[in-house]
Each structure stands twice: as C-alpha cells, then as structure tokens.
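Asker: Chains as they are written, first to last, in the numbering used here: chain A, 582 to 882; chain B, 582 to 882; chain C, 582 to 882; chain D, 582 to 882.
Calculated from the structure, these hints are not laboratory results.
Hints should not be assumed to be uniformly reliable.
It does not matter which identical chain is meant; a pair holds if it fits inside one copy or across any two.
[Unchecked claim] Derived pair list, reagent style DSS-like, types lysine-lysine, alpha-carbon separation capped at 30 Å:
no. : residue 1 : residue 2
1   : K762      : K635
2   : K583      : K748
3   : K583      : K635
4   : K762      : K583
5   : K809      : K762
All of these numbers come straight from a predicted model, not from anything done at the bench.
Protein chains: 4
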Amino acid sequence: VKDVHAMAPAHERLELHRVGVRGVKKPLVVQRPDRTVTLTASFAVAVDLPSTRKGSDLSRNAELLAEVVDWTAQRPVESLESACSTIARELLVRHPYANDAEVRAEADYFAPRGISLNRQSLEDFRLYAEAVARRESPAAISLARTIGAEAVGMTACPCAMETAREKLTREFPLLADPSLKDLPIVTHNQRNRTRLDLELPEGVDVEVDEILSAIEGAQSSPTYAILKRGDEADVVLTAHRHPKFVEDVMRDLLASLPARFPTLPDAVGVRVVTVSEESIHKYDVTSSHRTVLGDLRSPPA
Amino acid sequence: VKDVHAMAPAHERLELHRVGVRGVKKPLVVQRPDRTVTLTASFAVAVDLPSTRKGSDLSRNAELLAEVVDWTAQRPVESLESACSTIARELLVRHPYANDAEVRAEADYFAPRGISLNRQSLEDFRLYAEAVARRESPAAISLARTIGAEAVGMTACPCAMETAREKLTREFPLLADPSLKDLPIVTHNQRNRTRLDLELPEGVDVEVDEILSAIEGAQSSPTYAILKRGDEADVVLTAHRHPKFVEDVMRDLLASLPARFPTLPDAVGVRVVTVSEESIHKYDVTSSHRTVLGDLRSPPA
Amino acid sequence: VKDVHAMAPAHERLELHRVGVRGVKKPLVVQRPDRTVTLTASFAVAVDLPSTRKGSDLSRNAELLAEVVDWTAQRPVESLESACSTIARELLVRHPYANDAEVRAEADYFAPRGISLNRQSLEDFRLYAEAVARRESPAAISLARTIGAEAVGMTACPCAMETAREKLTREFPLLADPSLKDLPIVTHNQRNRTRLDLELPEGVDVEVDEILSAIEGAQSSPTYAILKRGDEADVVLTAHRHPKFVEDVMRDLLASLPARFPTLPDAVGVRVVTVSEESIHKYDVTSSHRTVLGDLRSPPA
Amino acid sequence: VKDVHAMAPAHERLELHRVGVRGVKKPLVVQRPDRTVTLTASFAVAVDLPSTRKGSDLSRNAELLAEVVDWTAQRPVESLESACSTIARELLVRHPYANDAEVRAEADYFAPRGISLNRQSLEDFRLYAEAVARRESPAAISLARTIGAEAVGMTACPCAMETAREKLTREFPLLADPSLKDLPIVTHNQRNRTRLDLELPEGVDVEVDEILSAIEGAQSSPTYAILKRGDEADVVLTAHRHPKFVEDVMRDLLASLPARFPTLPDAVGVRVVTVSEESIHKYDVTSSHRTVLGDLRSPPA
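For reference, chain A alone in the conformation it holds in the complex (with noise of 0.2 Å):
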C-alpha cells in the first residue's frame, strides 16, 4: 500500500509547527494517595512535521492514546499530568521525523467540600495539564509539563459595598453608630472562576488538591453544593467580610503561592486568570497574569 503521508510535499521547506488530533475523550482512572478517581478527560495531542513530509501518521496518535488510557482501569496512573508526560514522551518515538510532541487534557474533577462535617458532599472543578516533550539531542528528550485547575467561588464587589455604606448612613443615620462599623454591607456578589496553572520543570510534582484550595483560599468564599438555611447566611457573610475585586483575588492567590509551594524551585512558572461572572453587568470582568514563582518571593521593586 502507497504510503501517502511519506510522500514530499508540494512545497518546499515548509516545515510546521503543530499536527495532530483534538477531542479525543476517554476514561482515565488515576490512583490518589486516598482513592481511586475516574476521570472523562479530552485529550489534544500533535507533533511537528518536517518539511521534507506530505503527512503526519495519525493513527499512531489514537493508538498511543489508546494503549497509555484504556487500560487504566486495570492499570491506575499516578495523575492526569503524568499520562500526558507518558503520551508526549512516547509521540516522540513513534513519530520519529518529530522533534517536539505537545499533549494537552482537561477534565472535570470531584473533590469532597462542604460547610460543616455534616453537609459533605462531592463538588465539580475542572483539572488541566500540559505536557511537551522535545528531542534535545538523538539520545536525550527534556519535558516540560503544566498543571492547572479551576475553581468556582464567590466575590463580594469592595467598591459597591462602600457607596452602599455612604448612601444608607445618609438614610438610615445610626448606621454611623460605632458599634455598627464592621457591619457587612450590602453589595454586588457573583460566581467567580479561577484558574491557576503551574508551569513545572522535570522531577517536581504539584497537588492538585492543593492548587484548587490555593484558589478557593483567595476568593470572597468558596461556595457549596449543600447550604441549609443558616448555612447561606454564614456564606454571605464570609463573603462580606472579604469583599474582593477580581484583581484582589488575583494579587491574594498569587501572594499566597510561596507559602503553599514552599519547595518548589523559583523558576517554575504561574499563570493565572479569574473571571467574575458579575450580578450587575451582563458582562464579564476579568484579570490575568503570568509571572514565575521567585518574582512572587521577591518581588522586582
């Protein structure tokens, strides 16, 4: 059979940068510390090409995708990370003529949350993670590799909150009252989503679970599948008593990230990008940046 994707191309040197598939779903079963978690992940997977070649050989990406995720209810693997680092190790070989393989997924993912002991229950977030593998030399394939999550929370609006203050006093005047003046105020609040990724060099690891409580622990309030009645209330108040502004939540996630990531080498990389879906607007705000961990330890004056 004539092996079409061998043949030249119709143009010279014209070499790409990126060929391959998209939307491929599977079960992934991944083993945590804990217990065992089952993953619909959607895998994205391509390689370059070389300009001496018509075609990239696809079907060895769905075969690969097949071998390294099919069996995994037999065979856990360790993370959704560490089977994109298999996967963009492996395109390489069956791909000789490449030299760079880039994998990317995403998933939802199911982390017991709740507001007391007694209102557990499973909540979605969503995981990402990124891995490429480039042939530095005929013997020798660095990787590098991204873990990412997204959580959804709340943000109470701090400005909205203050005209708010201003304009009741003048109504209702005891507000001034100075026993009344760490009273939450009314403001706008929303669903706010973050999501932070680690940028991570070869041999460091990251939690994921820790990621999203990096995230949750920067927003007005996490929220929750199960609230009671008195349960909502403790909610609102939480977030009212840390009302935040999409960059707050921003510079708070990325403040706290040396203390949460203490080992981590200062040249890991972090992106970040939260959207608060606002109640007053039918439009969204949003922030984002993209710094490494050592700036955030010290900070360029």
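Fit chains B, C and D to the known structure of chain A by using the hints.
Answerer: Chains B, C and D alone, transformed into the frame defined by chain A:
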C-alpha cells in the same frame, strides 16, 4: 438527472415529522418604528415528509432563506417573526408534498438602557421566533407563531437575607432598632436569565420591547453596562429592596402579563423559563411554567 | 429561623410547573454486567410548587443528589436511569407539597469499538436519562422513564453520488461498462449524530448498548478511533456502499426497532433526532420523529 | 465618595498584566467600499494595573465601548480592526496609570458566495481583530494590530483515496485501464475550518475578503448554501480532484500568501489554525503554524 429524493424509500408507510436544515446564519434587516436594526439571525427550517418519498428537497430551503432574508438590506422586514412566518408559508408552496412547515430563528438584539439619561448604552438581549404553517386544506394554510425574548438581570435571595438579618442582629444588637427595620441586609445576588415566549394566533402582534420590559420588571433589578461609582450602589440597593427567588421572578412576571398585554386574546400561550446562576452554588436554580393568558387573568381556584 | 420558602407568595393561585436545580455535576459509578463504569453525569432535578407556597426547598435537592450519587463508588447503581428513578421518587418524599418530580441526566459513555479485533479502543458516546415521578394518590407514585443515547457515525449522500456518476460517465465513458455498475462513486460524506430515546413504562428495561447498536446499524458506517492505512478505505467503502440521507438513517433506524426490541410493549415511546454535519454546506441537515413502538410494528396504512 | 479602586492594594509590588471586561456585545456598523455591514461583535478589553493601585476603573471601559461603537449606525467605522485600534489607544488615555491596552473582538461576517451567478447567497464567516496599544513614552503610543478570519470549506483525504483505489482495482480490474487513471475515487471528506490571522505593523492594512479568499483557495473546495442537484456533484468533484490533508491546506495557504499580499512587509506575522472535522473519526484533525511573511517569501533552507 435522476431525482433521487423523489424515489420511493426503502420502507413503506414511514412518514417523518420533520426534515430540514439548521444553523443557517444570515443578516436580517428589520424596520422598527423608530430605527432600522440588523440582526445576525440563525435559522432552522423543516417540513414533514410523506411515506412515499425518499427525501426532502433541501436545496429549496436554502434558496428560500436567501430570497426572503438576503435582500432585507434593500427591503427590510417588519420583524424576526414576520420573516419566519413568510418563510413557513412559502415552505409549503415549495414542498408541495408537505403538510406542515416549521421555522425557528434566534438572534442577539440590542436596545438602549441606562440607569440614568447620561448613562445610556446599547445592551444585549436575545430574540426568539417560531412559525408553524399547516396545510389545513388544499386551499388553506394556518399559521401559528411564537415570539420570545430573554433578558439578563439580577436577583437577590430573600431567604439568606432573613437568616443573615437574624445572625447579624445577634452580633450587632443595634440592628434591632426600629429605625433600621428597612435597612437592606446582605444576601447572595446573581445573574438571572429569564425568557418569555408568547404563542400568538394569526393577526395578533406583540412588540418585543414589551416582552423585555415585562421580564426586567420582574427581576430584583435590571443590570446595566455603564455604572459609575455611585450607580453600582443604586442597582445593589434596588435589588436588595426587591429580593426574589426564581419563583418570585416567575410569579411576578406571570402576574404582570394581563395588565401589560390587555388586548391579547385569552388563548395566547405563555411559556417562561427563569434561571438564576447562583453565586453561592456552582449550579443554577431554575423554574419553568406554561399557561395561557386567560388563566392568568382569572386563575383557576 | 424564619422559613421564608414556606411563606405565602405575593400572588394567589399561581402554582408553578417546575422549580429546581440544573448543572449539578457528579461522578456516578454504574455496575454493568461485565464491568464497572464511572460516569461524569450532569443532573437537573425539579418539582412542581403549589400556589400556597413561596419557594421550593432546594437544599433538599442537593442533599438528595449527594445521598444517591456521591457514594456509588462504594455502592454502584445499576444504570444512569435507575439513579434518576430513585431520585425522582425520593424527591416526592422530600417535597411533600409537590405532585410531580422530574430528573434529567446526561453523561459521556465509553464502549469498546474497532474495525477489527486488533484495532479496539474505547470510543465516546452520550447517554441520556429522564424520570418523572407523579403522586397519583397519597399512597401511590407512578414513574415514567426515558433512556436514550447518541452515537456519531458517517453518512454518504446518495443523491450527489448519482449525479456524480452521470457526470463522470460523460467524462469517462468506460464507467458505463457493466462490470463497473457497482463501483462506489464519489459523493459528499460527513459526521452524522443520531440520538434515540425510548420512553419506557415501569418494569421494562432497555440496555443502552442495544440503543447504540441500533443507531450505528442505521448510519452509512460507524466510525472508529484507530484506523490504519487500509482500514480507512474499508470504512469509506462501507459508507459509499450504504449511501444515506438523514431521512434514510431515520427510517432504517425506526424500521429496525421492532426486531431489535421484540419484547418491549407497543406503548413504548420512540423519539429520534438525526443530524448530518454536511461537508458541502456550512449548515446541518436534520430530521426528527416521534412515534410509538406499536406503530412501527404495524404502521398505519 | 471614596475611590476604592485608587486605594493601595493589600500586597506590595504586584502589578497585573491585564484587568478588564469581556463578553461585551455590541452592534457595529462598518462602511465597506461597496456596502454598509452591521456586525454583532463581542469585545474584550483590558489594561495592565500598576502595583500601587487596588483596582482598574472598569466603568471607563464600558463608557468607551459605548462611545466608540454605539453610534456607528450614524457614523460607521472603517472596519472591526479600526474600531479595536481606536478603543485600544483611547484606553490608555482613560487609564492614565496603564502602560498597555488590549482589545479583542470577533463577529459573524456575511459575504456573497455561489457556485454560479444564479446561485448566489450570503454565506457566514467569522472575523477576528486584536489591537494592543503600548505607552512607549509619555508622548508616544505604539499600536500592534491583528486581523483574522475563519472560513468553513471541505477537505477530501488523499490517503484513503489511494488505498481505496488499490482495493477497488482488485475488485474492479477495469479501473486499471489508462483511460480511468484520473477518475476521482471515493475517500472521506469533511468540514474544514481554517483561520488565518495577520499581525500588522502600523499603517499597513489588509482586506478581510482577501483573507477569506486565501483560505477558500487552500481547501479542497469551498462550500455553498445553495446547491441544486447537479451542483452538489460539481463541488464533490472539485474536492476529490484536490484531495488534501490538513497539512496540505496549511502549506497551500502559507505558500499562497506572498503572491496574494505582495506589498505587505516581511515582518507581518502569520498565524494559521486548520481543523478538519473528520467524517471517519469522532475527533478532529488539526494543524497550527506561526511564521512571518518574510520567511514564506524565502523560506530558511
């Protein structure tokens, strides 16, 4: 050329309810009383198929959509639903083997809004229209139309407000002072999406701006694109002075329809879906209802 | 604590059809005959609300979902629809003021597929389940269930194939040679998504793998994740030897159901939606139909 | 009124890359050489935030968008990207503390297409524009712009065509006759989405219709809304006479740019993403590449 569509199908006596196309995007120019509006509309059109025919002549659908919609820059239509009605009737002419034809369309719609005269801007809403033409006899076609719209606004929860009041009064006893009994108290508030569809008999029309006003009047507060510092507090205070569950949004909207549409017949169908994208949960709260205007005028005991 | 939900609403005599939550994501462990499957399921649950009550006790929905779903890693359920049925019945217990309860769920589902034994992998499908519990009397609850699934396959157009044959025969007269009369001829082919839902009375069950087989048997060809070079041609040839309009997919599927589900009662409801994402158009072609199994057994003359 | 945004943040030395709003939908009227076009555009705008300031003045973004976009029915803009450029520059005026401003917009776009003169209709494409303004000095602002578009067309696979030819020749020996060597042979064909973005220096403009023509010229065939019976075969034959992998679409597009844009400077950035929604798989095949026009004119050896 052989007409494969007109051939006999492989199975006998299997007529099909709907065969058509969907996701046909078009610019539609609408002449409103006060201005010309260009919608980016997405259409789905379909007819039934008798058991004697293998396929529906789908190219006629695309031709018809082009004829009715593509030239509205030169010849504007009256409304999205009038375009749907024209298309539905003409589908029965072009598919002589069909007994009924269904057209659905939706589009973003922009209308001026603002918390005050010097804060006006164009805000986005969503329009929906449906038309079903039925061949009642060789000479008579009946037409049923639905016109709907969705508006995003804000809801503030009345339940968490009450429990927060109780908790806060224990912490701040001065809150029990009678002068503070109308002080708006913190609660969770969030984006609310409410859609109202009206099923109209022939010859009866409804102005979409009236539908949007009805929805916005039933939410805790409308939302606005432009809010300077003090304005945010005004929206927040309005919402907290009208705390509503989705159930309240639904009932206030339903109860307002008889006064808002006094000339519409009792038989007009009413469908409402309202969704609050809860700030204290990762999931949405929703309510849906279906009734007729007559029952809202004198609800069954 | 004041029970705001139980208070009287602002309007009299306005009962509401549905009040509930949607977008509640959970991992659900299902014990299949041959293996354990973990679904990432999204649930929507709702009950009706009498006119005398301001709000529905939504926290009970979240508690119930946690009780029924969160522990299935320890105690697997039989199926997605059995979980829905359990939840629907129990909703009527927890909402004593409600008369009917509706549960909808959907999830990705993975099943082994392959063009040959050494090309097997896990392919993704979509599952749907609905359960509606109704309080027929204080002591009796009825339960209506629907189970459905969607499979992505391939269709090849029979019409363009015929006209291409005519055009090509003018250009290549040898094509008219009798030995070439069964030669598959070029046409447009594309992704087809077909969903079949079966509405079941109590006590009657259907295996979702049977639903998927029925759909795949009605498309021009199933599709596969792993296709080595020669395999691609085999899928292409299969599809071109079974060219089908969406109308043909629909009718072949409907006509196959009596033989595939011989023991199901005549009253079982059948709903099909099939969509071909046309390669020669930017829009989709679609057909939908609704009938009962009895009418497919002996269609009305 | 207290200006909370201007207060000092809780953390020192944490400037943020981007703070802004997204999902702001607006109607934008564009004056084209030959006609006026109304786009339903979605905008995202953001600026950086210095470490000394708690929050960004987001209401200025909404005001600016309203000023620039809302009145284009009276005063049309030249293009989507010129609106983005105006907004980006003005953002730096309204946020005097910011160093750079980023605007992104996208919209459906309709252009006449047809397989022949009497089959013309308006087909839908997608436009993208970005503008980044940078404060190079107190007096100087630089502006980088990107303009892009996506077109949906068709690809036919050259590999499956070859293997199908071999298999069919074994079954139909007459196929080996020299007179049939150019007979188009069955393969899988599918929707292809290709997006081309050009990063332009100041003072250089590109016509979006040229971008769309470049993309459509690189696919196996454009697709059309209106295709009467014989037309479908013509599109099918065109596609099968130009079978292409995504790699071929990518390279043919890249290779065509020097001739199509002869006056653009070498430094113009070129980004392409092409996706084939495979008919024989449930997943997509994709290729992405990034280069500059100069390298396409004389590719590196």
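Asker: Compare the structure with each hint and give your call.
Answerer: Hints, verified against the model:
1. K762 x K635: between (72 Å within a copy, 22 Å between copies)
2. K583 x K748: This pair counts as between: shortest inter-copy Cα distance 12 Å, intra-copy 79 Å.
3. K583 x K635: Intra 13 Å, inter 39 Å, cutoff 30 Å: intra-copy only.
4. K762 x K583: between (81 Å within a copy, 16 Å between copies)
5. K809 x K762: For K809 and K762, both the intra-copy (28 Å) and inter-copy (25 Å) Cα distances are at most 30 Å.
Checked against the numbered hints above, the structure breaks none of them.
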